[in-house]
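J.: Spelled out, the chains give:
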Amino acid sequence: MTTTLAISILMTLAAAATPILIAALGELVAEKSGVLNLGVEGMMLIGAVAGFATAVTTGSPALGCLAAMVAAGAASMVFAVLALSLTANQVATGLALTIFGTGISALAGAPFVGLTTQTLGLVFPSSLAADPVLRLVFGHSPLVYIALLLTVAVWWFLSRSRAGLILRAVGESDAAAHSIGYPVLKVRYLAVLFGGAMAGLGGAYYSLVLTPMWAERLTAGRGWIAIALVVFASWRPGRLALGAYLFGAVITLELQAKAAGFSAFAPEFLSSLPYLATIVVLAVISIGRAGSIAPACLGKPFRATT
Amino acid sequence: MGPRLVPRLAPSRSMVFAAPVIAVVATVLVGALGFTLLGYDGIGAIREIFLTPLMSAYRWQDLLVKAAPLAIIAIGLSIGFRANVWNIGAEGQYVLGGLGGTAVALLTAEMTGAWILPAMILAGIIGGMAYAAVPALLRTRLGVNEILSSLMLNYVAIQLLYFLMRGPWKDPMGFNFPQTILFGAAQTLPIAIPGTLVHIGVPIAAALALTVWFLLARSVMGFQVRVVGLAPNAARYGGFREKRTIWLALMAGGCFAGLAGAIEVAGPFGQMVPGFPTGYGYTAIIVAFLGRLHPIGILLAALVLALTYVGGESAQTTIGLPAAAAGVFQSLMLFFLLAADILVRYRLVLGIDAASQAEPVATARTVAP
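Top to bottom, those sequences are chains A and B. Be aware that the first sequence starts at 5, since it is given in the working numbering, and climbs by one per residue. Be aware that the second sequence starts at -15, since it is given in the working numbering, and climbs by one per residue.
Hints were generated in silico from the structure; no laboratory data involved. Mixed in with the good hints, there may be bad ones.
[Unchecked claim] Here are the in silico distance ranges between beta carbons for each label pair:
#	chain 1	residue 1	chain 2	residue 2	range
1	A	V117	B	L13	49 to 57 angstroms
2	B	L(-11)	A	V117	53 to 61 angstroms
3	A	T62	B	G168	53 to 61 angstroms
4	A	A308	B	A117	39 to 47 angstroms
5	A	L132	B	N160	26 to 34 angstroms
6	A	S64	B	L(-7)	54 to 62 angstroms
7	A	V117	B	A114	34 to 42 angstroms
8	A	A264	B	I175	17 to 25 angstroms
9	B	G127	A	I13	32 to 40 angstroms
10	B	L13	A	A114	37 to 45 angstroms
11	B	L13	A	A264	40 to 48 angstroms
12	B	R202	A	E220	40 to 48 angstroms
13	A	P305	B	T195	28 to 36 angstroms
[Said to hold, decoys possible] No farther apart than 30 angstroms at their CA atoms in a straight line, the calculated lysine-lysine pairs in the DSSO-like style are these:
#	chain 1	residue 1	chain 2	residue 2
14	B	K227	A	K304
15	A	K262	B	K154
16	A	K304	A	K190
[To be verified] Where chain A lies over chain B, by a calculated footprint (3+ residues, C-beta under 8 angstroms):
#	stretch
17	141 to 154
18	298 to 310
Just so we're clear, the structure is a prediction, and the values are computed from it rather than from any experiment. Each residue gets a CB set at the ideal place from its N, CA and C atoms; glycine is no exception.
The following block holds chain A by itself, in its conformation from the complex (with noise of 0.2 angstroms):
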């Protein structure tokens, strides 16, 4: 009984933590080549329901996912080119993106709420994960592997990849990278537009796989601990994933409480937990620390001089 319920936590815990995750490390891409993008909640809401109407009208949730990629990549070209060509406040743009989101989300989910998509189907066949140990490691939607394996990626790409170190020096200092013939738009462009689709997916996985459906913001302030997170993380991708899963275990904590009836807090309180614990975290990373890890160019226009 005591194994099941652990299981039963553990897996929620993994399902919690997956989108955040993934949206995080479209961020932190996008981040480390120098541009802060504050749109990942408006682009997950795009992915979201975009993702949610393919699904319901193709029948297949994996189309479905590679909408959400698409429509939210597309979005988040649209920051792209005011912040990065037409060197808007990036701040602004971001805000933008994400008022512009949650609006467009829910004029083209409108007809699209109280029906229900199958989900993605599991990776691994339904036999291997019967067993309840088992199940913990073949049980899960296959975003949560790929979640994980994308951190792997993002790590490699950015760390050992000739075009992550590219991607650095850009985000550290564009003059000096533009000097020496770097593309800084050009790399800038394609951060963003990986940060938008991965965005896009995460919020795919509450509209296909977590709930699944559509509902006006859906996914409830996410994007924002996802930006959160990539502090959190010092932008490093293995602490990203360490951040996501902390946070999984505080929406499983949340839940469990919740559905046990658990009375000695408010549900309301328990409902303000993620983003209590989103701020106490922050609050203790920043202690004695100097604000120095982020990439030095990061929210900073670049326009070539030539």
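Could you slot chain B onto chain A? The hints should help.
T.: Frame of chain A; chain B shown alone:
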């Protein structure tokens, strides 16, 4: 050679004023096109949202009532944005302001007296400022990014509101609806223009805009805010304390958002309900930018954004436009404003001219790995 952007020697003053107008016009055009493509009556939507409310005297009242909280919150935010302090938590500060006002209203439910309303407004301001003090404290003491902390608190504020509505503050005679009792006459904002909906929050918003305009333009404090925002290093050298400015910026935001919350709960709402957070805190960010962070510009911008609410509501009933359309129009306006802003610093050159040929071409040099 196609159209290019050429840097200006000095920022264009006329473009500073033209950009918001360009943004609104572009929003109308693209909005009409976009909503037509989405299968709605695009032209009708624009007429319903941007013109119909202006044609009717009744809607004008509504417009002023909706614009007042937007303007008040945006004025507070603009002080912070000028100093590069990004308070995204106005929504939560507005809710806490409403809760502060509600607390006083509930305590004084059976009482009458001219002191009650000022006490409600004061409690609202204290609520908003106390809530803004959290990100201010975290930023100045620990260096926590105020964007993230103030935003997280918005979600917490809404949960606090739900908690109070479902529990301690629920109207015992309210058939179990999660809302407070209706406020009495002493707890309700007086009407400014008899026979209309226009309450005294509207003249208060206008008076605040004028006061802040004067303070920013004429006081040392206003100068300090502007310098810290424009040149933080120079400000530090000049002896302005950055931490004090961060506090000032966030307290101003919290104070104004809290005030708006108290005015709303004592005015149009007349009781506290779970639907109190209406996104004003986020829309006010757009109002602040569209108004060029200038108090008078903000008054005009608040009226424009109020149109999207008032017109959006009427477009829901007349042409079946979903409520979310208002948010889409609002964000389009901000997108276009941010895009048009480049014209403040750059000139748009169309086609070939002498300068374009004289300009050196950037040469990319390959580098050995």
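J.: State for each hint whether it applies.
T.: Evaluation of the provided hints:
no.: 1; hint: A:V117 x B:L13: 49 to 57 angstroms; result: violated (30 angstroms)
no.: 2; hint: B:L(-11) x A:V117: 53 to 61 angstroms; result: violated (43 angstroms)
no.: 3; hint: A:T62 x B:G168: 53 to 61 angstroms; result: holds (57 angstroms)
no.: 4; hint: A:A308 x B:A117: 39 to 47 angstroms; result: holds (43 angstroms)
no.: 5; hint: A:L132 x B:N160: 26 to 34 angstroms; result: violated (49 angstroms)
no.: 6; hint: A:S64 x B:L(-7): 54 to 62 angstroms; result: holds (56 angstroms)
no.: 7; hint: A:V117 x B:A114: 34 to 42 angstroms; result: holds (37 angstroms)
no.: 8; hint: A:A264 x B:I175: 17 to 25 angstroms; result: violated (51 angstroms)
no.: 9; hint: B:G127 x A:I13: 32 to 40 angstroms; result: holds (34 angstroms)
no.: 10; hint: B:L13 x A:A114: 37 to 45 angstroms; result: violated (24 angstroms)
no.: 11; hint: B:L13 x A:A264: 40 to 48 angstroms; result: violated (55 angstroms)
no.: 12; hint: B:R202 x A:E220: 40 to 48 angstroms; result: holds (45 angstroms)
no.: 13; hint: A:P305 x B:T195: 28 to 36 angstroms; result: holds (34 angstroms)
no.: 14; hint: B:K227 x A:K304; result: holds (22 angstroms)
no.: 15; hint: A:K262 x B:K154; result: holds (22 angstroms)
no.: 16; hint: A:K304 x A:K190; result: holds (16 angstroms)
no.: 17; hint: 141 to 154; result: holds (count 6)
no.: 18; hint: 298 to 310; result: holds (count 5)
Comparing the model with each numbered hint stated earlier shows that hints 1, 2, 5, 8, 10 and 11 do not hold.
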